Every structure is written in C-alpha cells, then in structure tokens.
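> The chain contents come next:
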Amino acid sequence: MTKPLSTEQLVIPSSVDHIEKVDEFVERFATALGFDRDALADIGICVTELVMNAIVHAHKEKSDLPVQVDVEQHDSGLRVTVRDHGPGFDTETVPDPTSPENLLDDHGRGILIVRAMMDDVQCTRLDDGMQIAFFKRFVPK
Amino acid sequence: MKVKTSELNGIYVVGLSGKIMGGPESVQFHDAMKQALAGNTKRVIIDLGEVEWMNSSGIGLLVSAYTTLKNAGAEMKLARTTDKIQSLLVITKLNSVFDSHDTVESAVKSFG
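Heads up: the protein sequence lines correspond to chains Z and V, in order. Numbering-wise, numbering that gives the first Met the number 0 puts 125 at position 126 of the first sequence, and it's gapless, one number per residue. Numbering-wise, numbering that gives the first Met the number 0 puts 78 at position 79 of the second sequence, and it's gapless, one number per residue.
Hints listed in this document are in silico derivations from the structure and should not be mistaken for laboratory results. Where hints are given, some of them may not hold.
[Said to hold, decoys possible] Below, in silico cross-link-like pairs of lysine-lysine (PhoX-like), each with a Cα-Cα straight-line distance of 20 Å or less: (1) V:Lys69 - V:Lys92; (2) Z:Lys20 - V:Lys18; (3) V:Lys41 - V:Lys108; (4) Z:Lys20 - V:Lys1; (5) V:Lys1 - V:Lys33; (6) V:Lys3 - V:Lys33.
If you're wondering where the values come from, they're calculated on a predicted model, not measured in any experiment.
Build the full structure now, drawing on both the sequences and the hints.
Right, dumping it as structure tokens:
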C-alpha cells in the first residue's frame, strides 16, 4: 500500500465506556474524506466491531491494556487499523457463525460482518497481539 | 442507544434508537427484557425503526433476547427493520430466525 496522504491515531483503555469515542474519532475523519451516510455507517459498524472485539475478547476488559486505532487517508479510500495486545487468534479457524449449531450464539459474528462490508481486510497475528486492518474505497460520483 | 418501552394491545414493545455498538447502555436493553419476563409477557416486539446502525454486539443483544424469551415461552418479533439492519441479518443468516415486519402494526397483527 502506498504512503498515506494523512493519518491520525487514537489510543483508548480497554473499557466499553470508550467505544463511542472511537466511533466519533473515525466518523469525523471519514466524513472529512467525503464518505456518504451509508458508507459512514459501514465504517462505524466495522471499527466498533473490531475495537469491541479487542476490549472484550482480547483484553478481557483489563483497562491498562491499550487499544490503538489508526486511520489513513489514501488516494483511493480509507484504511483503518485496530491493534490490540491480546493472545491473538486465527481468523481462518473461527467457528462459522452462520452454521446451524452456532446461529443462536450471542457473539462470534464480528469478522464475518467486517469481511462482508469492507473492500479489503487484513488480519495479522503479532508477537504481542493482533492487528486487523480494513479498507473502504471511495465510490466514484 | 436509547431504549423506550411501551405496551400495545397487551404486547410489550421495546423501541431502540441511535447507534447500537455494545457500550455501557446495553444494560438498559437487558433491563427492559428482565422487566418483560418479570411481567410474564408472552409477546414482545423490538421496534428498530429509529436505529441508525448496529454492530454484532447489537445483533448479539437481539439473539440473546430472542433465546431468553423463547426459553420462557414468549415470542419476539422485529418491526421497522432498516435496510442496514436487514443486510446484517442476511449476512449473519439470522433473517431465517427473526420474524421481521415493516411496521409495528403488522408485527402486532402477526401474533394473531
């Protein structure tokens, strides 16, 4: 990926009390890039999805563990990266939340939703955590 | 997210609004469900018409409510499901689980 035209970063403690702050941060950045209401909703859904996953599942709500959100403006769209310090997981082997035995689970749909809504998703397991990035392309007017 | 409860023809209606993203306000939804169960309600409608969007935490709230109510012998239906939420239900295949209606009135009628 080429060098971004602009970047911003937000770091929050692992508490669900901060989830709205993440949405506001990314929505402000994406709005300035010209995304429409529908795309802003998709971006909001996906970034809060990944941050909630980091807070609740990766960090078990231990507030001293930070969650980092990076937003990047590119020629062709917006890239958002969420970084946690949890044990990480293999995104290819998570149980299929749409299979009949998992359909009524109250969790486990996050990655499925992000992959369905975004143009590109990259999951990277790091030595000390997990990094998931998604890309939303500008729609030509 | 904001949660408003009301009663219509003996049916417990839970109206949700705003963005549902799994923040601390999720407790209000759980409280509304507890209230429904405490009142021995057998028919519940979740009105989603004023919801801007929801992520999988919001979907999880709906699934959890559906399961809890079903186990208590109650029935839950969705009303005024927006296009955005409907697309999420299709992605997650929960459109095969939830009974969704365009209006609260048609959800009420569907209980028979």
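> Looking at the structure, which of the earlier hints fail to hold?
none
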